[in-house]
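Sequence lines, in order, name chains A and B. Note that the first sequence covers residues 1 to 244 in this note's numbering. Note that the second sequence covers residues 1 to 301 in this note's numbering.
Don't read these hints as lab results, they were simulated from the structure. Predicted model only: the values in this text are computed from it and were never measured. Hints should not be assumed to be uniformly reliable.
[Stated by the list, open to error] Using 20 Å as the maximum straight-line C-alpha spacing, the simulated PhoX-like pairs for lysine-lysine come out as follows: (1) Lys7/B - Lys28/A; (2) Lys104/B - Lys93/B; (3) Lys136/B - Lys93/B; (4) Lys130/B - Lys104/B; (5) Lys27/B - Lys130/B; (6) Lys126/B - Lys116/B; (7) Lys104/B - Lys28/A; (8) Lys7/B - Lys20/A; (9) Lys15/B - Lys130/B; (10) Lys7/B - Lys27/B; (11) Lys230/B - Lys204/B; (12) Lys126/B - Lys136/B; (13) Lys116/B - Lys130/B; (14) Lys127/B - Lys28/A; (15) Lys20/A - Lys104/B.
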Amino acid sequence: MFYNWLRKKKGGGMMFAISKREFFESFKGVKSIIIIAIFLMTAYFSTKFSDWLLFMNIDFTSQETELIHTFAISVLILVFGMLFTMGLSHDVMNREIHERTVRFLVTRTSRVSIIMGKFLGVVLFWFTCLLTSFLIISIFAHQFDVITFLQSLSLLVYYCACTLLLSVLISKPGFSMFLSMIIGIAFPIFNGWVFFTTNAWISWLKYLLPFYYVNDQDYRFMVIFLLAGVLLFIALKVFKRREC
Amino acid sequence: MWAIEAKQLTKSFGKHKVVKGIDLQVKTGEIVGFLGRNGAGKSTFINMLTGIMEPSSGSYALLGVQNANDAIKRQVGVMPDYSSLYGSMTAMKHLSYLAAVSGKTVSREWCIEVLKLVGLEEHANKKAAKFSFGMKKKLALALAIIHDPQLIFLDEPTSGLDAESVIHIHQLIQQLHQQGKTIFMTSHNLDEVEKICSRIAIMKDGSIKRVGSMEELRAYYQSTITVTIKHSSIRSTDLSIIQQWLQQVGESLEMEKSHFTIQVESEQKIAEIIRALGTYKIDIYRVDVEEPSLEEIFLEE
């Protein structure tokens, strides 16, 4: 439905073509297969383990019981989400710039369409992974945790925007690969530290990072979409100035 | 309506100006050849017009529209100078994907038809990674025309191709011209440009030195004869009078202490100059007359 709307929109057809290719390209390769397998196995085994814990009659609060099935997948996204996203898509833009295939795109459509098309393609890949994982969980848990799903999705959207910005800023795919590993590992550590620190000089940073907005089961995660939008806007500004 | 209209288009990389305020108009339906040595700024100029690079200053309009938007880009086909393709995609996939990026859905039959035009129909399902340099060039040309554009930019379309392919591409360009398309191409092949193009622009050091039809350029260059005259010293009292007179006789006067160079229209003017110098008691040691060959028109300019 979304894509039909996108295709009909002015310039949407071009964006759709780019995002469609990016989406299908994301599934190719060993890295993506491993990541998809990790997601699906985490979803499956965490649900099984949660059921076993509940069966053992351990004393859980009602909120814990509610979140127990999606806990593992949430932790997976919090801790490894950035690493997975960057590892998989760090060269989403700079590969095209480096190999000059981007020349075929910039001469055919606007740079906004290219950035948005790439972004939507990558986001759609993660949306599919996440949705599949949550569907597996919902089959065993007999419930679909919408808030946790949307919170996880907001984090993934944020990671995708970070990845796109990195890929636009760093022109060499080899270097962006190296940086993506460092950022992917450092980001959850740094974000966790900023979140828990009592140092007033640093703690304000938590408002600029996503973890603060997914701490509670509420709708504050919407701010993460805004943060992603800001990153995307910066990526677009950088790409508009870039020689292809 | 102009198909291309550039006004004071400039591109600088740091302090180095690669394209220096180019003004150029290309009529709809023309084939314009863009000549110049390596590093003259041809590709940079095309890259600015096609959106690959942002101009440092100046403006341009394609098909009558300033700052090409998506709608205009759909009417423009580009074959970049350095054609790198998606290695994992087949020729067919390339065509359908990039046509879609141009906002057009194309049928399989149309893709085959375009591949036939460039002589790649037998390689439709072959991955681009396995293509030779020439095949990549041909595919890049197919990609430039797959969405049936009105204005086509070709950056050295035949460089690196075998003779048969070159003839094939020339025929294709002429066919596109007959369909009313405007073609703007760069080339190092003088014969190619002479044969195909209706107008030629010569670029040197980031500026367009001459624009005109082949006949106009020939007439221009053949109508001027560059004469270098080595002579004895000229008295300072006569210098300004002689200089003034020479400027009336010819153009592009460059005066040094022992010689001067001037462009004159006919050989008779040379005799006139020699006679005039004699009246001022100036001895002539040597007269060098240069008549540019066709090759020199492009290379020396």
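query: Which numbered hints are broken by the structure, listed smallest first?
result: 1, 4, 5, 7, 8, 9, 11
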